[in-house]
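Keeping their order, the protein sequence lines are chains W and H.
According to my numbering, the first sequence is numbered sequentially starting from 1.
According to my numbering, the second sequence is numbered sequentially starting from 1.
Hints were generated in silico from the structure; no laboratory data involved.
Hints may contain errors.
Chain copies aren't distinguished; within one or between two, either way the pair holds.
[Said to hold, decoys possible] The list that follows gives simulated cross-link-like pairs (lysine to aspartate or glutamate, EDC-like), each with its CA atoms no further than 20 Å apart:
id, residue 1, residue 2
1, Lys14, Glu122
2, Lys152, Asp97
3, Lys372, Glu260
4, Lys390, Glu287
5, Lys17, Asp126
Number of protein chains: 2
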Amino acid sequence: METKHMRMSQLASKTRKEAPKDEAAKNAQLLIRAGFIYKDAAGVYAILPLGLRVLNKIMNIIRKEMNGLGAQEVLMSSLQRRELWEQTNRWDDGQVDVWFKTKLKNGTEVGLGWSHEEQMTEMMRDFVSSYRDLPRAIYQFQNKLRNETRAKSGIMRTREFIMKDLYSFSRSEAEHEEFYKKAQAVYSRIFERLGLGEWTYLTFASGGAFAQFSHEFQTLTDAGEDMIYIDHKRKIAINEEVMSEEVLELVGVKRSELEEAKAAEVGNIFSLGTSKSEPLGLQFTDENGVARPVVMGSYGIGPARVMGVIVERYADEKGLVWPENVAPYGVHLVRLGGDEAVVRAADKLYEELVAAGVEVLYDDRDESAGAKFADADLIGVPVRLTMSKKTVEQDSAEWKARTAAEAHLVKLAEVVAKLK
Amino acid sequence: METKHMRMSQLASKTRKEAPKDEAAKNAQLLIRAGFIYKDAAGVYAILPLGLRVLNKIMNIIRKEMNGLGAQEVLMSSLQRRELWEQTNRWDDGQVDVWFKTKLKNGTEVGLGWSHEEQMTEMMRDFVSSYRDLPRAIYQFQNKLRNETRAKSGIMRTREFIMKDLYSFSRSEAEHEEFYKKAQAVYSRIFERLGLGEWTYLTFASGGAFAQFSHEFQTLTDAGEDMIYIDHKRKIAINEEVMSEEVLELVGVKRSELEEAKAAEVGNIFSLGTSKSEPLGLQFTDENGVARPVVMGSYGIGPARVMGVIVERYADEKGLVWPENVAPYGVHLVRLGGDEAVVRAADKLYEELVAAGVEVLYDDRDESAGAKFADADLIGVPVRLTMSKKTVEQDSAEWKARTAAEAHLVKLAEVVAKLK
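Chain W with its partners taken away, still in its complex shape (with noise of 0.2 Å):
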C-alpha cells in the first residue's frame, strides 16, 4: 500500500554528512546518516519513509511465513493489568527489571507490555475449552516497551521496538513438539530469505525453568551482544550462557570443534510448557472428559533488529546495502545535469518505470554528480542508474550494482524489462 516510488526532491528525510555524536552504534550511524531513522533519544528512534520501506518488507516476510504456519494475527495492548502478571510472579522490578509502568486516573499501576505470553494466555481462556479448539497459533506484531538500562546498540536493544510474537498452544507434548519444529524450519526460511541465512546459527540457549533448551537464531557479527560456540559442519551452535561439559554431550559436539564468535540474537523460540497455562488456568477438556493445561511455545523476532543486523553485516565504507528482498527501491534512478534532453529523458524513463511497477527512488535533485553519488552509495539501494547528457546521447543509462566495482551503459529501451 506504500508509494512504490519517489522523487528525492520530495522526500522528508536528508541524507547527512555525520551522525549525532551520542550515537555509536554503526547501524544507528548509518541509517540515521542515510535518512531511515531519526533519533529522539537514546534508545528511541522514529522510522522514516526509507526506513518503513525496509521494515515492512521485512515485517511482510515475516508475515507470510507466519501465515503458512497457520497463525492468526491479532493485536495486543500495550496498558498490561498489574494483577495478571503478578499470577506467574511476574509483576515485580526485582524479577522482571524492564518494566515500565504508570498509573491510572483513579490510581490503578497498569505496566506496558514488554512480552505479551501473559496476556495472550488469559486471553485464550475465552476461545480454548475442549480439544477441538486446539491446536492454535497466534502471532501479532507490536510495540513492545523495555526500559532498558543501557541503550548503546543502536537499533537492534531500543526501548521501544515492533516485535513480532508468536504464541502456540497444543494439547500435548508431542503436539507442541511438531509445531515447535515447524516453527524452527520457518524461522531458518525467514532468515534465509531476510539475506541473514549464511550467517544465522540455530543456537542452544537457556531453556528457562521449564524446557532443556530454548532456541535462538544467532547471526554473527561484531555488533552482536552474545558470544557462541558453532559447529560449522552441522550449523549450529551453542550460547556461551549455558555452554558446560554436560550441554556438550547432549547437544553431541566437542569443545575442540567448536569456533567461538560473536553474534546478535535475532529470533527466540522457548517451549513455555505448562508454565503459562497453570497459573492462569488456560485448559482444555481432551477426548476423555479431562481437563488438561494447554501446552505452549513463544517464538519472537524483532524486525528493526534484524535491520540493523542486517546493516552491520552489508554496508561498506561507503553506506548501506540491502539485499534485494528488504531493499527500500529496487532502482535509484539519477539524473546528472539540468539539461533538458537529459531531464525529459530521465523523467519519461522514470514514469515508465513507475507504469512497470518498478520500486524506483528517482535523484531528481539540483546536486553534483558527486553528491548524488555519495548519496546513493550512502542509501545502498541494490542497482544504480545514471543518466547524463553523454548516456542520453546513446539512447542510455549507466547501470551500476550497488556492490560491483564496474558500471556499464544499458540501452533505454532494456531497462524496465531489466528490472521487472
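Starting from the known structure of chain W, arrange chain H on it as the hints suggest.
Quick look at chain H alone, frame taken from chain W:
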C-alpha cells in the same frame, strides 16, 4: 498480506451469547460477542483476527488517500521527552489531562505519546531549512496512549488506540490553506469509502488559540459524545461547543434552519499556524534569505473509532452488518450437515473461491443450522452462501445478502463469477 480465507473450525476466536457485564457500549458488545475484539480492561481491547481484517481495511483506505495527498508514512515513538513538551507548555497535567507518564531506570520522567505534534515538529528541524524543502506532509499509524478518566463508549474511546495522524508543513498561510482544503476533500472521500458518507458532516469546531475554527468530521449516531447543529442543505454542521450568534453569522446559517443531533467525531483537521513551529524552532529560509516559521496543520482519524461508529450505524438486532469495503470477508460460506456429498461440494466451492482470490469465511464446523445462521448474522459478512443436501442436489447454493429478507438459489458454477 493477511490470509484471505479462513475455516471457522480453525478460527482463533469464538462467538459468544453474552457480552461481558461491564461492557455498556453496543459497538463493543457486538464486536466482543462476534469475536472481533477482546476486552482486557475498561478502555483496553485486543483486536482479534476478524477485527484486524476490518481495521486493516479501514487503515488501507486511509493510507491510500494519504499517499494520494502526497503524504509520506513514518512511525514515531510512544516514549516522549519531558523537555520537548515543556517548550509548548503541554507537559503539565494541568494543561494536558490525558498523559500517562513513567520513568527511565535513571529516574528521568518520560511521557507516552497521546499526540505527536511536538515530536514531529522537532524532528522536521533536521529536514527543513530552505523553502525548497517545503511543502511536506507526513503521517503515521501509531499507537496512542491516553489516560482517560472514564472509558464507556467501547472502542470509540479507549485508553490506547491506533491513530492516523497527518502533519502538514507549509511556507505560507496561503500554501497551508490550499493543502488544508485538499485534506478536507480527502477526508470526505475517506468517510464515503468507509461507508459513513451519508451521515458524516463537516463540522465547525473550536480552533484553539490560533485558528478561528478547526473542522471535525462528525457522524450522526446516538452513541456519539458530541452535539452538533446540522445544515442539511449545505451538509455542514456546527459543534455545540462553538455555537453562538457570531459563529452562525460567520458560517452563514440561521439557527432556526439547523437540526440538533448527537454525533461521534470520526476525524479532525486543525490549522496549527506557527503555534508549534515558533516555540520549537522549525523555520526555513525563504527565497529572499529571510528566516520564517513553518505553517503547520494536524489531521487525525482513529481507525478503531471509525470501526465502532460503523458498527453503531449498521448493526441490527441480529448482529454486525459490514459495508463491503471494510467487511472482514466478502462471503460467508455455510455448510449444513455432515452429508458426504455436501461436505465434498462445499469444500470444492471453498477451494474455488480461495483460488479465485475471493475473501471467504467457511463455516465447516459441526454445528446446527440455527447456530450457524445466528453466527453468520452476528459476524455480519455481506453475503451468506448456504450449502445443504437440498441445495447440492440442485447444484446450487442459497445466496442471502446480510441485509436482505429473502434468499435465492444460485448455481454453483456461477458463484465464483458473481463474487469476483
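Consistency of the hints with the structure:
no., hint, result
1, Lys14 x Glu122, "between (45 Å within a copy, 15 Å between copies)"
2, Lys152 x Asp97, "within (18 Å within a copy, 33 Å between copies)"
3, Lys372 x Glu260, "neither (41 Å within a copy, 59 Å between copies)"
4, Lys390 x Glu287, "neither (77 Å within a copy, 33 Å between copies)"
5, Lys17 x Asp126, "between (54 Å within a copy, 12 Å between copies)"
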